[in-house]
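With these hints in hand, go ahead and build the complete structure from the sequences.
Residues per chain, in single letters:
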Amino acid sequence: MAEYTTPTSEPEFHANFSQLKPRMNATEALLESSRCLFCFDAPCIKACPSGIDIPQFIRQINTGNTTGAAVTIYEANYFGNACGKVCPTEVLCEGACVYNLQDVKPIEIGRLQSFATREAIEKSKPLFGPGAPNGRKVAIIGAGPAGISAACELRHLGYEVDVFEAKSQPSGLTVYGVAPYKITNEEVLAEMAYLEAQFGFKVQYNQPITSRRELDALEESYDAIFLGIGLGLTNPLLLPGEERANCVGAVEFIEQLRQKHHQMAVGRKVIVLGGGNTAMDAASESARLGAENVILAYRRGKQEMGAYEFEYDLAKGVGVKGLFNVAPVEIVGNGKVEGVKFIRTATINGHVQVVPGSEFVEPCDMVIKATGQAKQTQFLSLIPGLRLDNKGRIVADERTGQTTNPKYFTSGDARNGGAEVVNAAAEGKATARGIHAFLSK
Amino acid sequence: MPDLSINFAGIKSPNPFWLASAPPTNSGYQVMKAFDAGWGGAVWKTLGVPVVNVSSRYGGVNYRDKRLIGFNNIELISDRPLADNLREIEEVKKRFPHHAVIASLMVQSRQEWHDIVRDVQNAGSDGIELNFGCPHGMCERGMGSAVGQEPEVLQTIVEWVMEVAKIPVIVKLTPNISDITEPALAARRGGADAISLINTIQSIVGVDLDRFAPYPIVDGQGSNGGYCGPAVKPIALNMVKNCAQHPGVQLPISGIGGIENWRDAVEHILLGASSVQVCTAAMHFGFGIIREMTSGLDQYMTEKGFHTIYDMVGKALPNVRHWEDLNLKYKVTATINEDKCIGCQLCYTACEDGAHQAIRLQEGTRVPAIIDENCVGCNLCSLVCPVEQCITMERRDDGTEHLTWKERTQAGTIPTEFNDERAGGRHHWVPEPAAALGKEKHKTLPGTARQYAAQDAAKRLAASATSAE
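As they're listed, the protein sequences go chains A and B.
With UniProt numbering applied, the first sequence corresponds to residues 1 to 441, in that order.
With UniProt numbering applied, the second sequence corresponds to residues 1 to 469, in that order.
FYI, nobody ran anything at the bench for these hints, they're computed from the structure.
Heads up, a few of these hints could be off.
As the list claims (entries may be wrong) - No more than 27 Å apart at the CA atoms, straight line, and that leaves these computed lysine-lysine pairs for DSSO-like:
1. K406/B x K331/B
2. K315/B x K331/B
3. K302/A x K321/A
4. K46/A x K443/B
5. K12/B x K93/B
6. K12/B x K233/B
7. K202/A x K137/A
8. K443/B x K105/A
9. K340/B x K105/A
10. K105/A x K66/B
11. K93/B x K166/B
12. K260/A x K167/A
13. K341/A x K316/A
14. K269/A x K321/A
15. K329/B x K406/B
16. K125/A x K21/A
17. K340/B x K46/A
18. K260/A x K316/A
19. K66/B x K21/A
20. K21/A x K260/A
21. K125/A x K202/A
22. K304/B x K233/B
23. K46/A x K441/B
24. K439/B x K46/A
Below, the structure written as structure tokens:
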């Protein structure tokens with residue numbers, strides 16, 4: 001029995017995908033901020049990849065200095081509002097809150113953070129601006145969290161910045177890949193517009209950089225190039241029948257969902273392959289789109305899933321069923337997907353081994369592959385001297401983000417192999433400093 | 001079952017909880033509702049000279065999300081016709097013959113006092129309270145706290161009242177004075193039957209940061225008002241104690257100031273009050289709070305084995321001493337319960353910045369440790385700790401020695417010179433001043449953003465230094 005009926009209108013979509021971290025009103029913010037203990041050397045700060053001074057901004061909210069709170073947040077993290085909503089706060093700041101040790105509900109840091117930033121965004125509070133022009137130019141490839149954060153910081157440092165984005169909207173996976181119940185498109189784009197208006201970087205949309213010729217042009221005109229290209233499409237499973245209709249990649253599925261909302265079609269019975277956070281998202285989203293049955297199939301046991309526990313709980317909460325210790329061997333069907341043939345597995349000494357003769361077919365009419373994203377190795381091979389590690393990640397200096405081609409810098413998923421928005425935002429900002437240090441030599 | 005009833009200087013009441021003379025006792029309607037809810041008595045909103053009130057009368061002090069920990073008002077005494085009030089007093093007394101109705105009064109001349117005292121007696125009041133405390137509006141007209149601050153005037157007026165009073169007379173004292181026992185003694189000399197305290201404290205409750213005016217704002221401006229509410233309890237307790245301990249006062253005391261629950265009431269009673277008056281809490285939460293107050297008092301008395309209120313009146317007074325009588329040999333130090341500690345490190349930073357640097361951080365854990373030899377036993381860490389019973393103050397002396405400052409003075413062993421070896425802090429370890437510089441800067445100024453900001457600031461400084469050359 002499905003928990004949700006298929007949404008047929010935008011309001012119905014938003015009801016099914018209601019925000020997990022809804023906006024706080026002023027009273028809620030006062031009550032919640034009053035609870036903060038103002039810890040010394042606060043664990044929440046240390047748990048934040050972008051190092052936001054959390055007790056400080058909470059105290060600012062509490063004293064009615066919401067604008068000051070927004071400054072505190074943004075000076076550490078240009079995706080302050082988005083991170084407040086999409087960060088896995090349960091395992092970051094809120095997970096580190098000392099109240100957890102007292103079995104008291106941790107401070108709702110994410111919601112407080114967005115409370116402050118939303119107000120700044122809506123009132124178009126001018127908190128930052130470009131620095132005095134220093135005559136240098138940086139090209140940024142990819143308007144995701146890493147690229148936009150770098151762009152803001154570089155503008156702040158006086159650089160002229162051009163951002164080249166393959167898609168039609170900024171923020172990367174924040175608007176194309178995050179589950180809609182974590183943040184709405186409007187909210188993401190409002191923050192992007194707010195940043196663009198303050199810092200004045202230029203973004204050229206629908207402008208993919210794919211060729212050596214284009215890179216030549218960039219190298220010619222810019223003092224440095226920042227690679228914020230993220231990851232590619234979903235990895236193929238290399239299984240027979242994968243080409244059948246309704247067998248889709250999770251990244252592609254979520255990207256469409258974010259743009260089409262209630263007009264997005266989903267199967268009646270959906271099998272999601274994978275055990276990571278994207279798999280949890282795809283499964284939850286299928287259920288919220290009205291799929292009657294959603295099965296999450298993972299080749300190892302429940303405990304070995306890469307997904308955060310709260311993400312799995314979220315999926316379970318909307319009726320998703322787990323199917324563990326199974327490996328897909330074939331997508332069966334006749335033109336369209338009709339099922340997945342699995343084989344049972346056992347994990348012996350840490351190695352997944354199939355159980356011979358245990359094949360079975362689980363019927364379904366849609367398969368979502370959440371089995372990781374491909375690296376953009378082909379494009380990266382166009383850059384001379386650029387070294388990748390054995391997992392296809394760009395090798396870069398830990399502190400400066402400089403790649404093995406000194407003109408190129410990088411941050412975000414392309415460098416870390418795939419992490420949270422907050423990691424990309426923090427890295428992008430730090431790398432902008434790296435570029436500045438390099439060009440100031 | 002303990003007996004909560006009192007006989008306060010001849011005024012009988014089913015319990016010691018009275019509503020103070022204030023807006024909640026402005027009308028017979030309110031007083032009847034309060035008695036119906038369980039209040040034992042009510043001091044009627046002050047009757048007297050005619051007044052006119054302003055609109056916008058109250059201001060509040062909030063602490064974080066807690067509203068009205070302090071409260072002030074610029075309202076004057078009753079602005080209702082005297083005849084209406086007298087009629088309603090009579091009506092309330094008819095309906096509630098065993099509850100206490102005390103008429104608060106404030107007039108000027110001897111004749112006026114005589115007239116109004118007779119009026120309220122005829123209306124059936126059980127007692128009279130003389131309002132010598134109002135610190136705003138009335139004092140400028142020579143009444144209220146203007147009287148309370150002049151013991152001789154106070155005494156004279158009490159004498160006028162006693163000339164005609166047939167019911168008990170309580171004198172309500174203002175705290176806006178250096179020594180509360182002076183007006184208390186004047187009340188006694190004048191022949192009053194009891195005292196009540198404290199009235200409100202002259203205050204400015206806050207300033208509007210946009211309109212540059214004090215609260216409450218009346219057409220863009222404000223005035224000092226009278227402060228009350230939970231925040232004033234410590235001041236009230238001290239003054240109640242002063243009057244209760246003074247051998248010359250010897251009058252029943254009605255305790256007023258910051259009483260919101262049974263605990264507050266018990267504290268007033270333990271320091272000598274034998275009735276208590278409540279205003280702000282009733283204005284904040286309504287008359288319903290009386291149920292918690294009577295139930296809490298009842299429970300407390302049962303557990304302590306007190307049969308009547310009088311078993312506990314003043315019970316803490318023998319333990320309130322002058323500082324010079326305290327035992328200098330008593331020694332406590334803090335102990336952190338590691339199992340309860342949640343690692344907020346508020347105790348560490350409080351001791352480090354606000355006390356005696358007697359707590360240190362430890363490698364590999366967020367649980368701080370007490371440096372026993374530096375701990376002076378000040379209590380600060382245990383006060384800031386957010387976990388109940390996590391930091392406790394443990395006694396370290398064996399309890400056999402007792403030596404007070406007074407005794408040391410008599411024995412000639414007190415420190416007498418500026419650098420006296422016998423001074424208390426002489427042998428406490430204190431870090432070198434320069435050890436403070438840059439200490440744990442990354443912890444007190446955390447966040448990567450701050451680090452960037454610091455870099456920028458350092459560069460700007462360097463740049464401006466260069467350009468100056």
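Hints, one by one, checked against the model:
no.: 1; hint: K406/B x K331/B; verdict: 18 Å, holds
no.: 2; hint: K315/B x K331/B; verdict: 25 Å, holds
no.: 3; hint: K302/A x K321/A; verdict: 11 Å, holds
no.: 4; hint: K46/A x K443/B; verdict: 10 Å, holds
no.: 5; hint: K12/B x K93/B; verdict: 13 Å, holds
no.: 6; hint: K12/B x K233/B; verdict: 25 Å, holds
no.: 7; hint: K202/A x K137/A; verdict: 12 Å, holds
no.: 8; hint: K443/B x K105/A; verdict: 24 Å, holds
no.: 9; hint: K340/B x K105/A; verdict: 16 Å, holds
no.: 10; hint: K105/A x K66/B; verdict: 19 Å, holds
no.: 11; hint: K93/B x K166/B; verdict: 17 Å, holds
no.: 12; hint: K260/A x K167/A; verdict: 15 Å, holds
no.: 13; hint: K341/A x K316/A; verdict: 23 Å, holds
no.: 14; hint: K269/A x K321/A; verdict: 11 Å, holds
no.: 15; hint: K329/B x K406/B; verdict: 13 Å, holds
no.: 16; hint: K125/A x K21/A; verdict: 23 Å, holds
no.: 17; hint: K340/B x K46/A; verdict: 22 Å, holds
no.: 18; hint: K260/A x K316/A; verdict: 25 Å, holds
no.: 19; hint: K66/B x K21/A; verdict: 25 Å, holds
no.: 20; hint: K21/A x K260/A; verdict: 22 Å, holds
no.: 21; hint: K125/A x K202/A; verdict: 20 Å, holds
no.: 22; hint: K304/B x K233/B; verdict: 23 Å, holds
no.: 23; hint: K46/A x K441/B; verdict: 14 Å, holds
no.: 24; hint: K439/B x K46/A; verdict: 18 Å, holds
The structure shown violates none of the earlier numbered hints.
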